[in-house]
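First to last, the protein sequences are chains A, B, C and D. For the first sequence, the working numbering assigns the number 1 to the initial residue and increments by one for each residue that follows. For the second sequence, the working numbering assigns the number 1 to the initial residue and increments by one for each residue that follows. For the third sequence, the working numbering assigns the number 1 to the initial residue and increments by one for each residue that follows. For the fourth sequence, the working numbering assigns the number 1 to the initial residue and increments by one for each residue that follows.
It is worth saying that the hints were derived from the structure and are not from the lab. Among the hints, erroneous ones may be present.
Unchecked claim - Okay, derived cross-link-like pairs now, DSS-like style, lysine-lysine, Cα gap no bigger than 25 angstroms in a straight line: (1) C/Lys211 <-> D/Lys190; (2) A/Lys70 <-> C/Lys100; (3) C/Lys200 <-> D/Lys100; (4) C/Lys174 <-> C/Lys200; (5) C/Lys233 <-> C/Lys211; (6) D/Lys200 <-> D/Lys241; (7) B/Lys72 <-> A/Lys20; (8) D/Lys78 <-> C/Lys70; (9) B/Lys41 <-> D/Lys78; (10) B/Lys20 <-> A/Lys72; (11) A/Lys28 <-> A/Lys53; (12) B/Lys41 <-> B/Lys20; (13) B/Lys41 <-> A/Lys121; (14) B/Lys114 <-> D/Lys188; (15) D/Lys171 <-> C/Lys190; (16) D/Lys171 <-> C/Lys228; (17) C/Lys78 <-> A/Lys12; (18) A/Lys86 <-> C/Lys100; (19) D/Lys123 <-> B/Lys12.
Please read these numbers as outputs of a predicted model, since none were measured by experiment.
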Amino acid sequence: MHEWSLAQAVVKAATDFANKNGFKKRIKVSVLLGELQQIDKEIFTHALEEITKELKDWHITYEIKEEKAKLKCRTCGFEWNLSETKKRLSEKQAEFIHFIPDIAHSYMQCPNCKSVDFEIKKGRGLSIASVEEI
Amino acid sequence: MHEWSLAQAVVKAATDFANKNGFKKRIKVSVLLGELQQIDKEIFTHALEEITKELKDWHITYEIKEEKAKLKCRTCGFEWNLSETKKRLSEKQAEFIHFIPDIAHSYMQCPNCKSVDFEIKKGRGLSIASVEEI
Amino acid sequence: MLGIDARFSVIEDRLKGVKRIIAVSACKGGVGKSVISCSLALKLAERGYKVGLLDLDFFSPSDHMILGIKPAFPQEEKGLLPPTIYGIKFMSIIYFIEDKPAPLRGIDVSNAIIELLAITIWKELDFLIIDMPPGIGDATLEIIRAIKRLEFLLVSTQSKLAWESVERMIKMLKQQSIPVIGIIENMKQKDSDFIKRNAKDLGIRYLGAIKFDPGLEDSLSSVEKISKTEFAKWLEEIIPKLLQQEKFK
Amino acid sequence: MLGIDARFSVIEDRLKGVKRIIAVSACKGGVGKSVISCSLALKLAERGYKVGLLDLDFFSPSDHMILGIKPAFPQEEKGLLPPTIYGIKFMSIIYFIEDKPAPLRGIDVSNAIIELLAITIWKELDFLIIDMPPGIGDATLEIIRAIKRLEFLLVSTQSKLAWESVERMIKMLKQQSIPVIGIIENMKQKDSDFIKRNAKDLGIRYLGAIKFDPGLEDSLSSVEKISKTEFAKWLEEIIPKLLQQEKFK
Ligand SMILES: Nc1ncnc2c1ncn2[C@@H]1O[C@H](COP(=O)(O)OP(=O)(O)O)[C@@H](O)[C@H]1O
Ligand SMILES: Nc1ncnc2c1ncn2[C@@H]1O[C@H](COP(=O)(O)OP(=O)(O)O)[C@@H](O)[C@H]1O
Ligand SMILES: [Mg+2]
Ligand SMILES: [Mg+2]
Ligand SMILES: [Mg+2]
Ligand SMILES: [Mg+2]
Ligand code: NI
Ligand code: NI
Ligand SMILES: [Zn+2]
Ligand SMILES: [Zn+2]
Numbered sequence: 001m002h003e004w005s006l007a008q009a010v011v012k013a014a015t016d017f018a019n020k021n022g023f024k025k026r027i028k029v030s031v032l033l034g035e036l037q038q039i040d041k042e043i044f045t046h047a048l049e050e051i052t053k054e055l056k057d058w059h060i061t062y063e064i065k066e067e068k069a070k071l072k073c074r075t076c077g078f079e080w081n082l083s084e085t086k087k088r089l090s091e092k093q094a095e096f097i098h099f100i101p102d103i104a105h106s107y108m109q110c111p112n113c114k115s116v117d118f119e120i121k122k123g124r125g126l127s128i129a130s131v132e133e134i
Numbered sequence: 001m002h003e004w005s006l007a008q009a010v011v012k013a014a015t016d017f018a019n020k021n022g023f024k025k026r027i028k029v030s031v032l033l034g035e036l037q038q039i040d041k042e043i044f045t046h047a048l049e050e051i052t053k054e055l056k057d058w059h060i061t062y063e064i065k066e067e068k069a070k071l072k073c074r075t076c077g078f079e080w081n082l083s084e085t086k087k088r089l090s091e092k093q094a095e096f097i098h099f100i101p102d103i104a105h106s107y108m109q110c111p112n113c114k115s116v117d118f119e120i121k122k123g124r125g126l127s128i129a130s131v132e133e134i
Numbered sequence: 001m002l003g004i005d006a007r008f009s010v011i012e013d014r015l016k017g018v019k020r021i022i023a024v025s026a027c028k029g030g031v032g033k034s035v036i037s038c039s040l041a042l043k044l045a046e047r048g049y050k051v052g053l054l055d056l057d058f059f060s061p062s063d064h065m066i067l068g069i070k071p072a073f074p075q076e077e078k079g080l081l082p083p084t085i086y087g088i089k090f091m092s093i094i095y096f097i098e099d100k101p102a103p104l105r106g107i108d109v110s111n112a113i114i115e116l117l118a119i120t121i122w123k124e125l126d127f128l129i130i131d132m133p134p135g136i137g138d139a140t141l142e143i144i145r146a147i148k149r150l151e152f153l154l155v156s157t158q159s160k161l162a163w164e165s166v167e168r169m170i171k172m173l174k175q176q177s178i179p180v181i182g183i184i185e186n187m188k189q190k191d192s193d194f195i196k197r198n199a200k201d202l203g204i205r206y207l208g209a210i211k212f213d214p215g216l217e218d219s220l221s222s223v224e225k226i227s228k229t230e231f232a233k234w235l236e237e238i239i240p241k242l243l244q245q246e247k248f249k
Numbered sequence: 001m002l003g004i005d006a007r008f009s010v011i012e013d014r015l016k017g018v019k020r021i022i023a024v025s026a027c028k029g030g031v032g033k034s035v036i037s038c039s040l041a042l043k044l045a046e047r048g049y050k051v052g053l054l055d056l057d058f059f060s061p062s063d064h065m066i067l068g069i070k071p072a073f074p075q076e077e078k079g080l081l082p083p084t085i086y087g088i089k090f091m092s093i094i095y096f097i098e099d100k101p102a103p104l105r106g107i108d109v110s111n112a113i114i115e116l117l118a119i120t121i122w123k124e125l126d127f128l129i130i131d132m133p134p135g136i137g138d139a140t141l142e143i144i145r146a147i148k149r150l151e152f153l154l155v156s157t158q159s160k161l162a163w164e165s166v167e168r169m170i171k172m173l174k175q176q177s178i179p180v181i182g183i184i185e186n187m188k189q190k191d192s193d194f195i196k197r198n199a200k201d202l203g204i205r206y207l208g209a210i211k212f213d214p215g216l217e218d219s220l221s222s223v224e225k226i227s228k229t230e231f232a233k234w235l236e237e238i239i240p241k242l243l244q245q246e247k248f249k
């Protein structure tokens, strides 16, 4: 349910952006959910809707897409998808990463060379892809 | 003259790359000289030529371009060119940055908000833009 | 991609119930930032203040050991509620890494800090004490970026090794007009006004000295024992100066 | 853009005349990495070894103060020649920042390290001692990436605060099969085999203890004085174990 705190962040960032750009209060917000963070899309969408309801005047529609995670080893250059390392995570570890995706460095290594020095190239967590006036 | 050590790095990296990709020993190497590092183009070019002469079998031509530096403040988002902050550097400070470009953080601040937390977006130093078989 | 980091925009909201936010900081490690952060938090809580403690030293988190707690995971609500320990709301990376190392590049450190600030629900606090890692790298730069009303509380030993590096930090903070409450001289072993004099020369308030207390180490992990140490007594004498907020503004 | 970092490819060449490269490391600051690095370099040089010393703690560089030198800028030839000080080739960020702070993000720390390694001409050395900053962040990860035959020499005090963090570091090094020479217990004040026992449990060689030496602080900045301290004597006893390279391989 900490998805609520992230939904609040999205609503705040999107409306701030719209205000700053002089948009009318009808906007469409595209959100990317990075795979590593494992955000519960249902809870998140519900949170967005509830938070938006409480805003007076604003009409916001959301488009939510998922973004696959891509990891790349800084030592050997190997790139891999989350699915290859995820299965080795315990439920608890996955939950820790759910809260702080970067903590993945405590629980994952490069499948090729065992380095802990890898880059989260894509799909770390939440990001706003676009905010448009509609 | 530490330009020599950088020229050695370029020759080594380019020939390694060519070998790894199965190129014949005739290559063209494009090098970008980032403005921040203030590499002496003449010395550098001379060094490249001398080092290349000593390599047996290799025929290498070099294309050397300069890349303007672009700095961006992480605090306020302001972007600026080196010329705006460079004039405030002493000769000694410019020399320090010549050796270690990142040291710019010890001698420069964002012209807009005074933050020391800025990103060197472009033109930090030496980079190889391309290695082609000719 | 727009590149709006949604998390930044909510941090101010998350901290709006917090009156003062103090980063306990130094360029050098081992000068006592963590024992001072914890004891300060405890002493302020004893005086009836609402206090939060955030351990941001991801490579050697210490506060959970100093306080002697078994990490109980924060409650998940509409965010994470830091558990209350001896009257202090306590947040640390330790909940998420347990006994594992956290080999993080700067970009990961920044991301983890922003994530923690975005999801932690502190509610009302008089003080949020942030126990900083040594240095002026990503953690320091990120927290300066994220929290505009941050105040720094600096710590140095009387060694010139520690002082020279704190001096660098002071210069950096001054360049950016970031408020510094003052400096605590910790683990003082011999009479000397070296730190006091140098702090004054830089226009930094000297808050006082805490002597080296041979009894401190064995008191760690027990809040009762810590509060009875000489260390705690000396720190106690410094607290009134910390509370005179107007003095350094 | 090809994205070849030319500097990486030359680092191996730059270090090919160097027999052993030792990173003196710990997760925690203030445990004695810098005094041990400097004294170790001095003692090895006294024994006739060719020694280099590289201070990589960009936020609180200390070695120039411990050795008591006025930074003389490296000579520029076909690269930078580190000045020889008391028989040691010494390279530090201090030459470039002087009394200024170096507020560097992780990416800048990495870049500066790679740049230094690419342009510094060490020539022939028996030992290159690298005095590391605390933690397992960019400096540690970068040096691991850049120097494949790096060996770690770990330092801890007997405080569990220091040990818990070194334990994290050991786990990280083991995960990646990086060689660890062993661990030095520094500033020992009371009898206890806590560190020795724990090191053994983790399969790490315990190299010995250096007691807390109240005379050390006043000897800093004078190489003559340092080498006469009790501290230096205890360190001296550990050196033979360091030299038995085969033992830990
Ligand atoms: N005043 C003091 N007297 C005795 N020991 C101290 C004192 N202050 C700190 N210490 C000890 O010094 C070590 C470093 O303190 P710590 O708070 O972990 O420093 P930092 O957080 O700056 O790295 C710890 O073992 C701590 O118990
Ligand atoms: N064995 C020892 N006895 C007394 N003081 C010591 C000893 N080892 C280190 N110190 C002191 O402890 C402080 C921290 O040492 P330093 O080498 O700077 O640690 P680090 O490099 O790990 O941060 C310095 O003031 C140093 O003089
Ligand atoms: Mg959950
Ligand atoms: Mg020059
Ligand atoms: Mg600490
Ligand atoms: Mg040090
Ligand atoms: Ni959640
Ligand atoms: Ni040069
Ligand atoms: Zn790898
Ligand atoms: Zn700015």
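Consistency of the hints with the structure:
1. Among the hinted pairs, C/Lys211 with D/Lys190 is consistent with the structure: their alpha-carbon atoms are about 19 angstroms apart, no more than 25 angstroms.
2. Only pairs whose Cα atoms come within 25 angstroms are accepted, and A/Lys70 paired with C/Lys100 is accepted, the gap being roughly 23 angstroms.
3. Under the criterion of a C-alpha separation no larger than 25 angstroms, the hint pairing C/Lys200 with D/Lys100 is consistent with the structure, at around 19 angstroms.
4. Between the alpha carbons of C/Lys174 and C/Lys200 the distance comes to roughly 14 angstroms, so the proposed pair stays at or under 25 angstroms and holds.
5. This hinted pair checks out: C/Lys233 and C/Lys211 have alpha carbons roughly 10 angstroms apart, not beyond 25 angstroms.
6. Taken as a hint, the D/Lys200 and D/Lys241 pair is honoured in the structure, with Cα atoms around 16 angstroms apart against an allowance of 25 angstroms.
7. Of the pairs offered as hints, the one joining B/Lys72 and A/Lys20 holds, with about 21 angstroms between alpha carbons and a cut-off of 25 angstroms not exceeded.
8. For the hint linking D/Lys78 to C/Lys70, the alpha-carbon distance of about 56 angstroms lies beyond 25 angstroms, and the restraint is violated.
9. Under the criterion of a C-alpha separation no larger than 25 angstroms, the hint pairing B/Lys41 with D/Lys78 is consistent with the structure, at around 15 angstroms.
10. Using a Cα cut-off of 25 angstroms, the hinted pair B/Lys20 and A/Lys72 holds, with the two alpha carbons roughly 21 angstroms apart.
11. In summary, the hint linking A/Lys28 to A/Lys53 is supported, as the alpha carbons are separated by about 15 angstroms, within the 25 angstroms threshold.
12. Between B/Lys41 and B/Lys20 the alpha-carbon distance is near 28 angstroms, which puts this suggested pair outside the 25 angstroms criterion.
13. Taking the CA atoms of B/Lys41 and A/Lys121, the gap is near 35 angstroms; set against the 25 angstroms cutoff, the hint is violated.
14. Distance hint between B/Lys114 and D/Lys188 is unfulfilled; the C-alpha atoms sit about 45 angstroms from each other, more than 25 angstroms.
15. Taking the CA atoms of D/Lys171 and C/Lys190, the gap is near 38 angstroms; set against the 25 angstroms cutoff, the hint is violated.
16. For the hint linking D/Lys171 to C/Lys228, the alpha-carbon distance of about 36 angstroms lies beyond 25 angstroms, and the restraint is violated.
17. For a cut-off of 25 angstroms, the pair hint linking C/Lys78 to A/Lys12 stands: about 15 angstroms separates their Cα positions.
18. Annotation: proposed proximity of A/Lys86 to C/Lys100 holds, straight-line Cα distance about 17 angstroms (limit 25 angstroms).
19. Restraint check: the Cα-Cα separation between D/Lys123 and B/Lys12 comes to about 18 angstroms, which is no more than 25 angstroms; the hinted pair holds.
Hint compliance for this structure: hints 8, 12, 13, 14, 15 and 16 are not met, and every other hint is.
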